[in-house]
Amino acid sequence: MDIDTHNHFWIYDPLEYDWIDGSMSLLKRNYLPEEFSNVLANAAIGGCIAVQARQSDAETDWLLKLSDEFKIIKGVIGWVDLCNLNLHEFLEQKHQHHKLKGFRHVLQGEEDDFMLNPDFIRGIKILSEHDYCYEILVYENQLKSVRKLLNQLPEMRLVIDHIAKPNIKAKPDRDWIQDLKAISLHKHVYCKLSGMVTEADWENWTPENIFPFIEHTITCFGENRVMYGSDWPVCLLAAKYNEVKNLLEQYLATQCKDSRDKIFSSNAKEFYRLFDH
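Under numbering that gives the first Met the number 0, the sequence shown has 148 at position 149, and the numbering climbs by one with no breaks.
Careful, some of the hints might be misleading.
[As the list claims (entries may be wrong)] With a straight-line Cα cutoff of 16 Å, these simulated EDC-like cross-link-like pairs (lysine to aspartate or glutamate) come out:
1) K143 - D112
2) K168 - E202
3) K268 - D130
4) K180 - E214
5) K27 - D12
6) K70 - D1
I should point out that these hints are in silico values taken from the structure, not numbers from a laboratory.
Please model the complete structure; the sequences and the hints are all you need to start from.
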């Protein structure tokens with residue numbers, strides 16, 4: 000079963016989703032599992048990981064409720080206040096759901112040194128104690144801070160979202176190349192091949208624009224630590240769902256079938272511990 004490791008759901012509200020600006024009018028409507036189930040079926044994808052799009056406890060609860068209703072949702076990445084001094088107790092009381100796999104904070108909206116706050120790091124370590132993963136959402140210019148963060152998280156299950164959002168309108172930047180390579184040396188860190196078309200020219204991107212970024216990411220992390228993600232519905236700003244999937248399929252066409260199955264399926268099952276679904 001193929002897994003899409005990155006998608007979002009929402010009932011659109013301009014106040015709750017204020018990051019959806021005028022250039023993203025396509026996203027100013029509801030996107031829900033009923034619609035996505037058909038999208039996945041048409042693309043021969045068997046399940047997905049629903050990722051938070053709001054930074055609230057209510058978001059986590061809502062996504063878990065959706066996961067109870069829709070079998071395509073194999074796992075949920077929620078949000079929690081990692082600086083909460085009572086985080087241990089909160090996790091024990093609130094989050095015993097078997098589909099809750101981890102958490103994410105929108106670090107791309109914070110100052111670079113936010114992630115190095117001792118209370119924030121303490122919170123991530125507590126997630127590990129409860130057997131949750133953590134997803135790192137940053138821009139490429141924040142990767143040096145990520146490198147410092149990783150030095151304090153030697154065994155935590157971590158994944159970089161959207162290959163750290165490099166500028167795909169240009170050729171791969173030297174700093175992104177070097178920083179991603181350094182991060183990949185931490186063998187407990189994975190990377191999602193997701194969110195790439197929206198970092199390219201929305202109207203004029205080509206596979207050839209994006210292939211060098213895919214190549215470097217797979218070269219760094221290897222075939223065992225990268226995962227397919229669509230970033231639906233955000234990806235629709237630049238491409239149809241099947242175009243996003245086929246972009247990676249096209250790149251992997253020259254690879255062995257085992258690589259394809261790992262990147263679209265078994266790596267996600269391993270990282271998110273989906274063997275019971």
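Comparing the hints with the structure gives:
This hinted pair checks out: K143 and D112 have alpha carbons roughly 10 Å apart, not beyond 16 Å. Restraint check: the Cα-Cα separation between K168 and E202 comes to about 11 Å, which is no more than 16 Å; the hinted pair holds. Between K268 and D130 the CA atoms are separated by roughly 15 Å; this keeps the pair inside 16 Å, and the hint holds. Between K180 and E214 the alpha-carbon distance is near 12 Å, which keeps this suggested pair within the 16 Å criterion.
Restraint check: the Cα-Cα separation between K27 and D12 comes to about 8 Å, which is no more than 16 Å; the hinted pair holds. Our distance criterion of 16 Å between C-alpha atoms is met by K70 and D1, whose separation comes to about 14 Å.
Checked against the numbered hints above, the structure breaks none of them.
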